[in-house]
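*Asks:* Using the sequences plus the hints, can you model the full thing?
Going down the list, the sequences are from chains A and B. In terms of our numbering, the first sequence opens at residue 41 and continues consecutively. In terms of our numbering, the second sequence opens at residue 41 and continues consecutively.
Be careful, since some hints might not be right.
Covered by chain A, according to a simulated footprint, are these stretches of chain B (three or more residues, beta-carbon under 8 Å) [what the hints assert, rightly or not]: (1) 81-95; (2) 207-221; (3) 352-365; (4) 537-543.
Treat the hints as calculated values from the structure; they're not laboratory data. Where is the CB? At the ideal position from N, CA and C, for every residue including glycine.
2 protein chains.
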Amino acid sequence: QWRENSSWDVDGDFDLAAIYVSDAQYNRNIYFDTSPQAVSLYLLYNHWLPRVLVYFFILVDMSLAVFEEPAVLPLPTWATMLVELLCLLVFTVRLVHYAKVIPRDKFWKDPKNICIICIVLTLIDMIIYGALTATNCYALRWSRVLRPLLLVNVTEGRQLRRAFRSIRNALPEIFYVFLLFMFSVLIFSLMALKLLGKRGLKTMDGSPYFTNYLEIVFDLYVLVTTANSPDVMMPAYNASFIFTLFFILYIFINTYIFMSAFLAVVFNNYKKYLKEEVRQLVRAKRHKMVRAFAVLQERREEGGELVVTQANWNQLVRLVQPDISNAHRELLWSVCDDKNQGFIGKLAFVQLADLLNIEVITLKSRPHPLQSICPTLYLSAPSRLLCRLVQHRGFTIMYDVIILANAVFIGLDEENPMISNSEWVFLFLYLLEILLKLYVFEPRSFFSKHSFWNWFDTIIVVSALIATIINSALKSVGGYTSRQILDIVFILRVLRLIRVVDSIGRFRTIINTLIRIGPAILTFGQLILVVYYIFAMVGMELFKEKVKFYDEDSNDPAKAYCGNPLLKGTTFAQLNYCKNNFNNVMSSFILLVELTVVNQWHDILHLNASLCSLTQIKLSYIVKHRPLKLIKSFKSLKVI
Amino acid sequence: QWRENSSWDVDGDFDLAAIYVSDAQYNRNIYFDTSPQAVSLYLLYNHWLPRVLVYFFILVDMSLAVFEEPAVLPLPTWATMLVELLCLLVFTVRLVHYAKVIPRDKFWKDPKNICIICIVLTLIDMIIYGALTATNCYALRWSRVLRPLLLVNVTEGRQLRRAFRSIRNALPEIFYVFLLFMFSVLIFSLMALKLLGKRGLKTMDGSPYFTNYLEIVFDLYVLVTTANSPDVMMPAYNASFIFTLFFILYIFINTYIFMSAFLAVVFNNYKKYLKEEVRQLVRAKRHKMVRAFAVLQERREEGGELVVTQANWNQLVRLVQPDISNAHRELLWSVCDDKNQGFIGKLAFVQLADLLNIEVITLKSRPHPLQSICPTLYLSAPSRLLCRLVQHRGFTIMYDVIILANAVFIGLDEENPMISNSEWVFLFLYLLEILLKLYVFEPRSFFSKHSFWNWFDTIIVVSALIATIINSALKSVGGYTSRQILDIVFILRVLRLIRVVDSIGRFRTIINTLIRIGPAILTFGQLILVVYYIFAMVGMELFKEKVKFYDEDSNDPAKAYCGNPLLKGTTFAQLNYCKNNFNNVMSSFILLVELTVVNQWHDILHLNASLCSLTQIKLSYIVKHRPLKLIKSFKSLKVI
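*Replies:* Right, dumping it as structure tokens:
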């Protein structure tokens, strides 16, 4: 498969080896062509600029939903169409670039090229839509549903694709548990119909209770998510407490046992497939490193083993990571060549990809800049006492007490001038703390990349200072207080309080763990975004303007039923849920989040009462995604 | 530590060894005295009869709550007191027996003897209560809270104690996450107060929205359980959709991240401590087997290793498990003595406890009794054809279709004579199936201990037959239909449908797994029973008769507010929740289940509006026990 070259003193070879190493380091899985032109194209392909550009245009493409009908901020159709065309152009360029990099036969087999279909379909849809709107016909932008697929299938969405694959692989087993679960719901519903249907019970609003089989199935299905507990059982309970046994048994079996079974099946499968994926990744990484070795290998003596010399290795590492320091590179070499021979074999070479991924923190004990500027003053007795005071535990405790006092002051009414002036005192104290710390600690290490809390503190305090100054300037000039700036000031003030967490070791550990699982949550966040986006697009096309929100002051009689006569007298209208609609992409997203949080989702669904099919989609959507997220968070959190 | 005896031909020694083996087999951990009297007392102590008696009296003691004030079925105070005295007497006898079995110094150090304190406290309480009621003073039976402790601390509740220990050990770590979680809730509440408090927003019922800090904390705490989503955010959402960001962030951090962190911490700790407990159990088991070996050991030749002969081993096994068959015992011996030497060493002896726990199923291929009675008929061509037909796959499929048809018929209106007569057809078909199977398969293996579904089928079909006959007899005699019998008939009819599950292999696997985790769930069921019982007792003393339920037909104006003026106009009264009260032990349990299921729990808690402290207990109770149960079910289900 790879070229055996004994005379390898060409620059291209180093490039090739560097690409193999860098692919291994970042777990890229692209079977690129090894011809010199393809290699240099591939280098360009992996450059950060085109990658960021693609992500940017995906974002632009997806955020077009904000400006298209039904819009949050309406823009003319030709404007959004033009922007979308531009996005499609960028994606096409990227794809053409990709096609040039990898061999032709590989390109056509690559499942990532669902992108091509998406782009073509979007173009067709845009043409049809343009033609229809030009002739004033009803037109539908159905291809908007395809947009999130770009996010999944673009070459960079590797992690997302992996998550998707894991879910897809778990589906068959989930399906069997789901069937059994549905069977159980149906049997329980039949029993409820027979036991309660003929008793002439009435629900709270006077309608007959448990007389229609399909309604019972729906009610009991909702009960699984506990959203209508205990209302659904109150009529039966009022008749006799024996019937509660039925409901308790139902909740026990379906909510606790079956939902846990879902969780267990998803968790087990996810773990199994993830393990398999990781194993494949490790194998691919090794394979790539072996190829890189084959490019650079040479034979020191006749019949001896193949090795890579230190000089070549250095040149390679310099190509792979240009920003690495000499000291760091020498450290890595000494780890590989532990016998100090000046060359390394295949086994030592292969671990380079992992070594490059290890973060090395260079700790330089630099003297404080003030010490170099005026040493006598900085090293004088009062200055050293100050340093000792600031480094003392008492200093931290004192500031914790100040923060707590500040919390109390924030909670009090800020109309009181004493309270509002105290804010200046607290701001001064916080600034003083930062200045003192800067005096004591070396500024560059204080603001190093890893001191999350120092950065957090300084940014919050400085922005609070700026916002407070702007606010009081506005006030003293025009007697006018901007609500927005005040809001920002309040948020910043409250955020300052979070700092207390850092001074308690146990809490810091928990917070750090939570921060560390951030990337994993982010991947699933993208996944959920994809699902939400698709549902929002479908929902908007189906339900836009079906439910209207009327302002507080509006006197329109339609306000009582959200502008839709079908909703007259429903719980949805009574609970004042009119704003939960699909009238624009923002409302749709918020509505979908509410459905995910589950409670009252059945009331929200009443707005779709006539459209059973979508309800079904939503139901299964909720069922499938709830446990997933749990699992995800659980998996990530067990690190603690 | 143990007696070295070279002349061991005493019966007492066999008893001692048998006790050690049986203790190891059932994981009992009692440091009993090794004197002959104590050993025979210990044998009696472990006999099934006294153990069952103790459990029976614990049940009687706990079920006294049904008859005591506030009672479901009122009994005079002297009657319940007498029964309780009897129970206490039984427990005391059991404890005295226990004290005789184990060495005096061990007895006083045993933490299980919390029982003694419980008994003494209960006696004191009963005396005080008796005296107070005799003088017509207000009296409180506070010692009822202690009753479930007997269930935990009785020597038999080993598994329950282990579960309790695991939870107790996990508490410190949970506590830190809980603190951080509460900190996050408080910070978010402060931010909500500052952002939304001054905007003059109104909730649905016109009261000011988010102006009181403590109310915000409570509302946001409820939001963590998703019980008041999305109502709590609707006023803010109606004002501006920016505020939903605040709520979405809050739900993400507190409901998803922190609740998952709780789950992870509890899961991890539970697993860790359970592993430790199991390790200790295994060590203790080995230790006991070594002791048993030491009692029976003898030296075959001078300087040779210590062994146990087959004769002694046989006598031991006969003592430990009298009901074991000779074939089974010989099988076990041949496993231990795999070299067929006639004696075994320590290593082979130690595994006896585990071997005895292995269930051996004896498969005897007996001919069908009909074959022995009239072989010509049974082996004739038509009879054999019948056998082949019944064993064919088509027979099962045919009956699955019949069951599905039956499901449809059950769902239809049974007033229709055609439908109600069809029931006889189905009953006949089901009976025919059982009879045919009995004709084909050997009855004793058909009704063997492990054929769960055969037993299930037969019992359901036969009882449905009996109930249907009684029902139609009653109907034809007096034209009168008993509602109770009809209910039973309906339940049995629907239960018959479950059988379909057995014929699909995948479903059978899932169901079998669920059945296998039954014992683990039972242990946690006991644990939850203990917690519920304590809360029910406390709740009944505090809230009995505070909320009254009025019959459907009652015209009392107090019906609108459940007989408590404090509840006028609350959601609790509006939703007709009057039956959710603490007026007797049954209602209390149902109420606690509802609280566990979470939804609307904040409305139910309104009934305790004035009693903040208990609310607090409940809240923490819910927080602690929700994840626990999840964990439990999860742990058990991951076997799938």
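*Asks:* Between the region 537-543 of chain B and chain A, are there enough contacts, at least three residues with CB-CB distance under 8 Å, for the coverage claim to hold?
*Replies:* holds (count 4)
*Asks:* Counting residues of the region 81-95 of chain B that have a beta-carbon nearer than 8 Å to any beta-carbon of chain A, does the count reach 3?
*Replies:* Result for this restraint: violated, n = 0.
*Asks:* Holds or violated: the region 207-221 of chain B covered by chain A, criterion of 3 or more residues with Cβ-Cβ distance under 8 Å?
*Replies:* Answer holds; 4 residues pass the 8 Å Cβ test.
*Asks:* Are at least 3 residues of the region 352-365 of chain B within less than 8 Å of chain A when you compare beta carbons?
*Replies:* Since 0 is below three, the answer is violated.
Violated hints for the displayed structure, listed by number in ascending order: 1 and 3.
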